[in-house]
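**Student:** Turn these sequences into a full structure, and let the hints guide you.
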Amino acid sequence: MLSIRNLHASVEDKAILKGLDLEVKAGEVHAIMGPNGSGKSTLGNVLAGRESYEVTEGEVLLDGKDLLDLAPEDRAREGVFLAFQYPVEIPGVSNINFLKTALNEIREYKGLPPMEARDFLNRVKEKQKLVEFDAKLANRSLNEGFSGGEKKRNEIFQLAMLDPKLAILDETDSGLDIDALRIVARGVNQLRSKDNAFIVITHYQRLLEYIVPDFVHVLYNGRIVRSGTKELALELEEKGYDWIKETVDAEGAV
Amino acid sequence: MSTKDDELLRELALEEYKYGFTTDIEMDIAPKGLTEDTVRLISAKKNEPEWLLEWRLKALRHFFKMEMPAWQNFEHPEVDFQDISYYAAPKAKPKLNSLDEVDPELLSTFEKLGIPLDEQKVLAGVVAVDAVFDSVSVKTTFREKLKEQGVIFCSFGEAVQEHPELVKQYLGTVVPQTDNIYAALNSAVFSDGSFVYIPKGVRCPMELSTYFRINAENTGQFERTLIIADEGAYVSYLEGCTAPMRDENQLHAAVVELVALKDAEIKYSTVQNWYPGDKDGKGGIYNFVTKRGLCKGDNSKISWTQVETGSAITWKYPGVILKGDHSVGEFYSVALTRNRQLADTGTKMVHLGKNTRSKIVSKGISAGVSHNSYRGLVKIGPGAENARNFTQCDSLLIGDRCGAHTFPYIESRNKTATLEHEATTSKIGEDQLFYLTQRGIDPEKAVGLIVNGYAKEVLNQLPMEFAVEAQKLLAISLEGSVG
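Residue numbers (the UniProt record's numbering), protein chains in the order written: chain A, 1 to 254; chain B, 1 to 483.
It is possible that part of the hints are untrue.
Stated by the list, open to error - Just some of the chain A residues that point at chain B, by a computed CB distance under 7 Å:
| # | residue |
| --- | --- |
| 1 | P72 |
| 2 | R77 |
| 3 | V88 |
| 4 | I90 |
| 5 | P91 |
Claimed, not checked - Some, not all, of what chain A presents toward chain B, calculated at C-beta under 7 Å:
| # | residue |
| --- | --- |
| 6 | A48 |
| 7 | A102 |
| 8 | I106 |
| 9 | P114 |
No lab work stands behind these hints, which were simulated from the structure alone.
Model, not experiment: these values are computed from the prediction.
The C-beta atom is built at its ideal place from N, Cα and C for all residues, glycine as well.
**Tutor:** Below, the structure is given as structure tokens:
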């Protein structure tokens, strides 16, 4: 589904990603771990097309289509969803109205008519339940006055509503207490299917106890330096990121 | 702000002004220039009584003595008052009794503007419309139906003929002739406008609406609106305005007076979309308007809501004089400027009575290289025991070449008054835009959503059908303004 080859990207002329390769197939969950400043969030932002991130080399294909050529809204319509680390507040814009607009823009891109109001509301109800999102929050202004946990849960609710091919969760676990973490993970697990894929970006192994990944990659200094299964995450947890830094630096790979 | 956004921002002006067409119709236009004879001509055309002519002439003499103020936050353009025609009317048919007698060109003009003058075509009795084309009122709908309840809704000219006692009693009592130079000018040369009287205890059964259209070249529009809500009455009134795209600036200097007697309520909403000029600031309407309401009786309430998106320069401060005890004044405003538009707008709340309350919510939105100023005065008189005011004025910037300015003035002469003021300035952030586009929403639509969300508190004050219009208008006005 997603094929990243030799990706180089910089922010304000500072190189952050330095030749990243990653293959993600439908039905898979990939975890990206790494120390602070290794480029984890940059990867999410580059894939989603944030303008301040400049791709200097490499390619990203989504089902064979050149993703880097598309505007952020078209990437979203092609099925890329980024669950933000810090979801913004947009006062006065109702969550529901926003989602309806988004859903219908995606449908229009695919040549589908706008969703009937009743179907839309049924979908809202169904997905609210699925990801345990409070109906009251759904009717409020977008993230306005939401707690950190509520914002993250709203990201998962949106994910459920928009049903993307590829979901990138950017440190969705940061700032969540254990109960909220469980709810978010349960939501994600409900949404996993053979047709979609997840990239779970996280600093800690904790989230991966709840969202069990098929593959774990360690990002360091802009490149994937280790790949493995969920055991790698446990090893990381045990030995700490310094272990990675030391071994990788000793290998002289970077 | 990145370069791509900047580029898009600069494209902002390319959005065409949808109402810029002109109507080709035979007009009766007074020669340019302003003298006592001009005033006599207008008065004669309108077959006015002697007292009104005298009133106009007195205003004209004031006008000649007055000077242009210099406190406004924009460079006041040179207006050559002798280079304007003060009266323009479609060639007269003696009297219009039914729609069949109205020039079809005129009807199609209003149809193009989406203003239904054919009562049959309007949803049963939702809105009654008075349509003003250049200097005269073309047609007022639903008059008969309103009459059953004793509601008078007609053109100002007709009110002078048919209800002279009411006009004489209230004209100039809220906005005196000497109030400011444009109010003096209007008092001398006002052409037409709307007149509303709601009798005691009547709740006006439908929204009343006046639609103003400037068409003729080199003319000014000087309408006069007078609304009186008698004891315990209620009325909701809306005005809308558009004008053709013309290269020269045109002057619009209206006066609106509202009088609310004991227990009465007037809700006045404006959606102002005069031609704003092109992207280089050529052409456009100078919208220099004086609007004021008088809460004359106890427990009366006057509420202004305005959505200002048009005009090259907007200069107006709809205010309320809170004379009656326990009276309430409100001002809700959204002013959007882009390209080279200038707006200096706000309100005046003058508390005289005891326990009077006022609320001001102003939302400025600036894009392009425009400047948007909020100017407000809250004045508490010595007798206004326990007066309260709450003011909130927010500014939203789109791009980094525009300006937002706030000039709040407070004069309190009573220690029991409570005054609260909140102000914020924000920018549509890259983060907000990216958030919405990441969900598949087109960037222009995203800006529209953000702006409408920001203005929601004000838009919510508008009657339902106009709120929808205003939302669309804001979104359209912002097309291309992604930043």
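**Student:** Going back to the hint list, which numbers does this structure go against?
**Tutor:** When the structure is compared with the hints, only number 9 turns out to be violated.
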